[in-house]
Amino acid sequence: DTEVTQTPKHLVMGMTNKKSLKCEQHMGHRAMYWYKQKAKKPPELMFVYSYEKLSINESVPSRFSPECPNSSLLNLHLHALQPEDSALYLCASSQVVVRGTKNIQYFGAGTRLSVL
Amino acid sequence: GQQVMQIPQYQHVQEGEDFTTYCNSSTTLSNIQWYKQRPGGHPVFLIQLVKSGEVKKQKRLTFQFGEAKKNSSLHITATQTTDVGTYFCAGLYNFNKFYFGSGTKLNVKP
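If you're matching them up, the sequences are chains A and B in order. Under the numbering used here, the final residue of the first sequence carries the number 116; numbering is consecutive throughout. Under the numbering used here, the final residue of the second sequence carries the number 110; numbering is consecutive throughout.
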């Protein structure tokens, strides 16, 4: 099973709403990632979790709050978003990145978020 | 943050023609990966290159990693309509951060 499952597939929210994006994998991967992808642009790294601990935060605004409850789950909590935050949010997982390992990233299908 | 430059931005080819996309980093990469994203889809892993000067082939696709581990290329021989999509390189820096190139969108006319 090389599947990364993201829910919901689509989300429309107002600027005052609180919502959460969910990501799940059962490949035994201990590194999980959140990316943001705007139309016709490459994925931009937001957060990296390694062994359930936040290891990288790419200066993401605090209205995005990641959480890794266990090794299979990754959440992204959203609060007071802006219209410019509308994008495709991609989750990925891989083996923990160390020298020489094949740290292939497996991506989920993404959540397409619209902020009104 | 780090930047991975990728060219060209778009490429339109006739089916059967060859296609090449190039990535360049200003600093040395730990490794480089290539992904393909179909329209409306998500990135799908193609290959990882780790060693300086490495060349790998997958059927009609040839991937190269430069000697200085700062640049890479993907070459497709005799394109087919199934090759349509956006090809991204993703450079790994310091073994903990992936940065994607801007992507090359390939369109293949039958």
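If you're looking for bench data, these hints aren't it; they were derived computationally from the structure. Heads up, a few of these hints could be off.
[As the list claims (entries may be wrong)] Cross-link-like lysine to aspartate or glutamate pairs, in silico, EDC-like; alpha carbons within 20 Å at most:
{"no.": "1", "chain 1": "B", "residue 1": "36", "chain 2": "A", "residue 2": "3"}
{"no.": "2", "chain 1": "A", "residue 1": "41", "chain 2": "A", "residue 2": "67"}
{"no.": "3", "chain 1": "B", "residue 1": "97", "chain 2": "A", "residue 2": "67"}
{"no.": "4", "chain 1": "B", "residue 1": "97", "chain 2": "A", "residue 2": "58"}
{"no.": "5", "chain 1": "B", "residue 1": "97", "chain 2": "A", "residue 2": "84"}
{"no.": "6", "chain 1": "B", "residue 1": "36", "chain 2": "A", "residue 2": "44"}
{"no.": "7", "chain 1": "B", "residue 1": "109", "chain 2": "B", "residue 2": "83"}
{"no.": "8", "chain 1": "B", "residue 1": "97", "chain 2": "A", "residue 2": "44"}
{"no.": "9", "chain 1": "A", "residue 1": "41", "chain 2": "A", "residue 2": "85"}
{"no.": "10", "chain 1": "A", "residue 1": "40", "chain 2": "B", "residue 2": "83"}
{"no.": "11", "chain 1": "B", "residue 1": "105", "chain 2": "A", "residue 2": "44"}
{"no.": "12", "chain 1": "B", "residue 1": "36", "chain 2": "B", "residue 2": "15"}
{"no.": "13", "chain 1": "A", "residue 1": "9", "chain 2": "A", "residue 2": "58"}
{"no.": "14", "chain 1": "A", "residue 1": "18", "chain 2": "A", "residue 2": "85"}
[To be verified] Quick list of simulated restraints, FRET-style, between CB atoms:
{"no.": "15", "chain 1": "B", "residue 1": "67", "chain 2": "A", "residue 2": "62", "range": "38 to 48 Å"}
{"no.": "16", "chain 1": "A", "residue 1": "79", "chain 2": "B", "residue 2": "62", "range": "26 to 36 Å"}
{"no.": "17", "chain 1": "A", "residue 1": "27", "chain 2": "B", "residue 2": "77", "range": "24 to 34 Å"}
{"no.": "18", "chain 1": "B", "residue 1": "13", "chain 2": "A", "residue 2": "40", "range": "11 to 21 Å"}
{"no.": "19", "chain 1": "A", "residue 1": "5", "chain 2": "B", "residue 2": "67", "range": "36 to 46 Å"}
{"no.": "20", "chain 1": "A", "residue 1": "77", "chain 2": "B", "residue 2": "40", "range": "40 to 50 Å"}
{"no.": "21", "chain 1": "B", "residue 1": "41", "chain 2": "A", "residue 2": "53", "range": "42 to 52 Å"}
{"no.": "22", "chain 1": "B", "residue 1": "78", "chain 2": "A", "residue 2": "83", "range": "39 to 49 Å"}
[Unchecked claim] From chain B, some residues computed to sit far from chain A (all C-beta separations above 10 Å):
{"no.": "23", "residue": "15"}
{"no.": "24", "residue": "54"}
{"no.": "25", "residue": "60"}
{"no.": "26", "residue": "66"}
{"no.": "27", "residue": "67"}
{"no.": "28", "residue": "102"}
These figures come from a predicted structure and were not determined experimentally. Glycine included, every Cβ here is placed at the ideal spot set by N, Cα and C.
Structure-based check of each hint:
1. B:36 <-> A:3: Roughly 16 Å between the alpha carbons, so the hint for residue 36 of chain B and residue 3 of chain A holds.
2. A:41 <-> A:67: Outside the cut-off at roughly 25 Å; violated.
3. B:97 <-> A:67: Within the cut-off at roughly 19 Å; holds.
4. B:97 <-> A:58: OK: residue 97 of chain B and residue 58 of chain A at ~10 Å, within 20 Å.
5. B:97 <-> A:84: Given that 20 Å is the threshold and the Cα spacing comes to 24 Å, the pair is violated.
6. B:36 <-> A:44: Holds, at roughly 15 Å.
7. B:109 <-> B:83: holds, 11 Å
8. B:97 <-> A:44: holds, 11 Å
9. A:41 <-> A:85: holds, 14 Å
10. A:40 <-> B:83: holds, 18 Å
11. B:105 <-> A:44: Satisfied, since the Cα-Cα distance of roughly 17 Å is no more than 20 Å.
12. B:36 <-> B:15: With Cα atoms ~18 Å apart, residue 36 of chain B and residue 15 of chain B stay inside 20 Å; holds.
13. A:9 <-> A:58: violated, 24 Å
14. A:18 <-> A:85: holds, 14 Å
15. B:67 <-> A:62: 38 to 48 Å: holds, 43 Å
16. A:79 <-> B:62: 26 to 36 Å: violated, 47 Å
17. A:27 <-> B:77: 24 to 34 Å: holds, 32 Å
18. B:13 <-> A:40: 11 to 21 Å: Hint holds: Cβ distance 19 Å, inside 11 to 21 Å.
19. A:5 <-> B:67: 36 to 46 Å: Check passed, 40 Å falls within 36 to 46 Å.
20. A:77 <-> B:40: 40 to 50 Å: violated, 26 Å
21. B:41 <-> A:53: 42 to 52 Å: violated, 30 Å
22. B:78 <-> A:83: 39 to 49 Å: Given range 39 to 49 Å: holds, Cβ gap about 44 Å.
23. 15: holds, 24 Å
24. 54: holds, 13 Å
25. 60: holds, 21 Å
26. 66: holds, 19 Å
27. 67: The assertion about residue 67 of chain B holds, with a minimum of 19 Å to chain A.
28. 102: Residue 102 of chain B is in fact no farther than 10 Å from some Cβ atom of chain A, at 6 Å.
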